[in-house]
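For reference, the chains in residue letters:
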Amino acid sequence: MSDTSLARKPARFRPATEESPAARRALIGVAFLGLGILAFAPLIAVFAEALADGIAASLRSLASPDARAAIRLTLTIAAISVPLNAIFGIAAAWFITKFDFRGKAFLITLIDLPFSVSPVVAGLCIMLMFGTNGLAGGWLATMGYPIVFAIPGIILATLFVTFPFVARELIPVMIEQGRSEEEAALTLGASGWRIFRTVTLPNIRWALLYGVLLCSARAMGEFGAVAVVSGKIRGQTATMPITIEMLYQEYLPVAAFSLAAVLALLALVTLLLKTVLEIRHADQLAATLRR
Amino acid sequence: MMGRPFIHRSPMPGLGLSMGITLTMLSIVVLLPIGALLLKGASYGPAGIWETVNRERVWAALFLSFRLSLFAALFNLVFGVALAWVLVRYRFPGRRILDAAVDLPFALPTAVAGIALTALYAPNGAFGRLAALIGWKIAYTQWGIFIALVFVGLPFVTRTVQPVVEEIEREVEEASATLGASRLHTVRHIILPMLAPAALTGFALSLARAVGEYGSVIFIAGNIPMVTEIAPLLIIIRLEEFNYDAAAAIGIAMLLISFLMLLVINLIQVWSRRRIGDV
Chain A
1 MSDTSLARKP ARFRPATEES PAARRALIGV AFLGLGILAF APLIAVFAEA LADGIAASLR
61 SLASPDARAA IRLTLTIAAI SVPLNAIFGI AAAWFITKFD FRGKAFLITL IDLPFSVSPV
121 VAGLCIMLMF GTNGLAGGWL ATMGYPIVFA IPGIILATLF VTFPFVAREL IPVMIEQGRS
181 EEEAALTLGA SGWRIFRTVT LPNIRWALLY GVLLCSARAM GEFGAVAVVS GKIRGQTATM
241 PITIEMLYQE YLPVAAFSLA AVLALLALVT LLLKTVLEIR HADQLAATLR R
Chain B
292 MMGRPFIHRS PMPGLGLSMG ITLTMLSIVV LLPIGALLLK GASYGPAGIW ETVNRERVWA
352 ALFLSFRLSL FAALFNLVFG VALAWVLVRY RFPGRRILDA AVDLPFALPT AVAGIALTAL
412 YAPNGAFGRL AALIGWKIAY TQWGIFIALV FVGLPFVTRT VQPVVEEIER EVEEASATLG
472 ASRLHTVRHI ILPMLAPAAL TGFALSLARA VGEYGSVIFI AGNIPMVTEI APLLIIIRLE
532 EFNYDAAAAI GIAMLLISFL MLLVINLIQV WSRRRIGDV
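Chains as they are written, first to last, in this note's numbering: chain A, 1 to 291; chain B, 292 to 570.
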């Protein structure tokens, strides 16, 4: 640094590549104020409103049959859709990074497509395909497999909105790592499954975990797409976010915010784990995530 | 089809399995449903779509959604660049917490954010009461929608700009300073142009997210037709009336307008890249 070579630091020395202390303080102030109002305040509001009538009242509302059914349903949806998404993500990343084929960029664009579609439009699309008046839905319903207004529809909607999460984390990491390690294992006679388990998986495990983490947070919190396809049947197809909406519309703020607080706690745990992963395993995550 | 094979032969195992899973899931989850929407639109025809969309209430909803999304994305563009700069360049207590808090809108479910923002900005809420002192109504007006859209778009610009700020070489700034440029001049003419392409990407993502946003908006919006009714809500209303044609028409109109906006942003991006190349 240039300032260490100076024998005596001038009283108000400032490197030419820094802003003035006043500008610096102002910018930091704006950052704290902006995030305080936009991020921290809503978070605090959730817990404050949940505890408005004391912790006993909020725990009692969480123990109600509807709230318990909603929590059970949301966990079930996540337990089914997140592993499916992880399997898709791994398969897509393997297909895209280990083979050369035409239309690869197009395939990646298609995988990313759900990010640029409104969740409500996603729900609408699933309605039009799998709804009872939809292209395949009528036939599936007469066969005894109703999709929309039932759990399969909610899973499809969840899969749609979380579709790119795992694949997006894995593809850049696997491109960066190349194919040489897998090729070496192949020449040593390892089977495909063994190569994946002992060579690829250890290289991508943190990126996989990162993708799964983001995917589960979104899967448990999805509202717009699920609102279209769930039918909002209390105790049956009402997920946690849907139940929050119903309770809120019925002017039961404590019950609504108590359920919201559970989801907010899950969001905080997600953020914490995500930050830990970014700090601890930065070298094994996609380059854009490195801090 | 003659010269290059469709898939290069490779000794790597798992081609059939990985391709099978990828294409099957992509088709069932994404392509078939989107295809169903497009098919519905095609059978309805451009004239039918136009007839549905060309109504005062639908135009009002589409105009509201896109206009407020644009404002929110512009706010996020300015705030996001400043935030990225602060988080990368400055060291101060609480920086890590701020950095983690940027992702809160990604992690917090939209319905939770929606009721929390409503509780804050409603006339009897913590911020709503303050605003009411100067006669400013936020919740159940377009201001409320704007705030919800700023919230959901908050992380995009910061997260795309942060890595670029990290890679700026100090030498460039030093060179500019030794040539006599003031700090403000350096920031305006050297640093901001370097951040522009990434900031625009973040802006586009933030805009796309805001246009489609539903959960965090409907609680705070008040949902008065023609005034605070957003386009995604109108789709839901039409679906609840079992009017699938109209819902599909509005959905297709939204897709088309988003597509046009992203195209324009991409063109601006190409143009700004070229301009920086010339500098």
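No lab work stands behind these hints, which were simulated from the structure alone.
As the structure is a prediction and not an experimental result, all values here were calculated from the model.
Certain hints may be false.
Said to hold, decoys possible - Taking lysine to aspartate or glutamate and the DMTMM-like style, the derived pairs with C-alpha atoms no more than 20 Å apart in a straight line are:
#1 Lys232/A x Glu18/A
#2 Lys274/A x Asp390/B
#3 Lys98/A x Glu18/A
#4 Lys274/A x Glu250/A
#5 Lys232/A x Asp390/B
#6 Lys232/A x Glu532/B
#7 Lys98/A x Glu176/A
#8 Lys98/A x Glu183/A
#9 Lys104/A x Asp53/A
As the list claims (entries may be wrong) - Residues of chain B clear of chain A, computed beta-carbon distances all greater than 12 Å:
#10 Thr313
#11 Leu424
#12 Phe510
#13 Ala522
#14 Leu525
#15 Ile527
#16 Ile543
#17 Arg564
All residues carry an ideal CB built from backbone N, CA and C; glycine is no exception.
How the hints compare with the structure:
{"no.": "1", "hint": "Lys232/A x Glu18/A", "in the structure": "55 Å, violated"}
{"no.": "2", "hint": "Lys274/A x Asp390/B", "in the structure": "12 Å, holds"}
{"no.": "3", "hint": "Lys98/A x Glu18/A", "in the structure": "45 Å, violated"}
{"no.": "4", "hint": "Lys274/A x Glu250/A", "in the structure": "35 Å, violated"}
{"no.": "5", "hint": "Lys232/A x Asp390/B", "in the structure": "36 Å, violated"}
{"no.": "6", "hint": "Lys232/A x Glu532/B", "in the structure": "15 Å, holds"}
{"no.": "7", "hint": "Lys98/A x Glu176/A", "in the structure": "12 Å, holds"}
{"no.": "8", "hint": "Lys98/A x Glu183/A", "in the structure": "10 Å, holds"}
{"no.": "9", "hint": "Lys104/A x Asp53/A", "in the structure": "56 Å, violated"}
{"no.": "10", "hint": "Thr313", "in the structure": "4 Å, violated"}
{"no.": "11", "hint": "Leu424", "in the structure": "17 Å, holds"}
{"no.": "12", "hint": "Phe510", "in the structure": "7 Å, violated"}
{"no.": "13", "hint": "Ala522", "in the structure": "8 Å, violated"}
{"no.": "14", "hint": "Leu525", "in the structure": "9 Å, violated"}
{"no.": "15", "hint": "Ile527", "in the structure": "6 Å, violated"}
{"no.": "16", "hint": "Ile543", "in the structure": "9 Å, violated"}
{"no.": "17", "hint": "Arg564", "in the structure": "18 Å, holds"}
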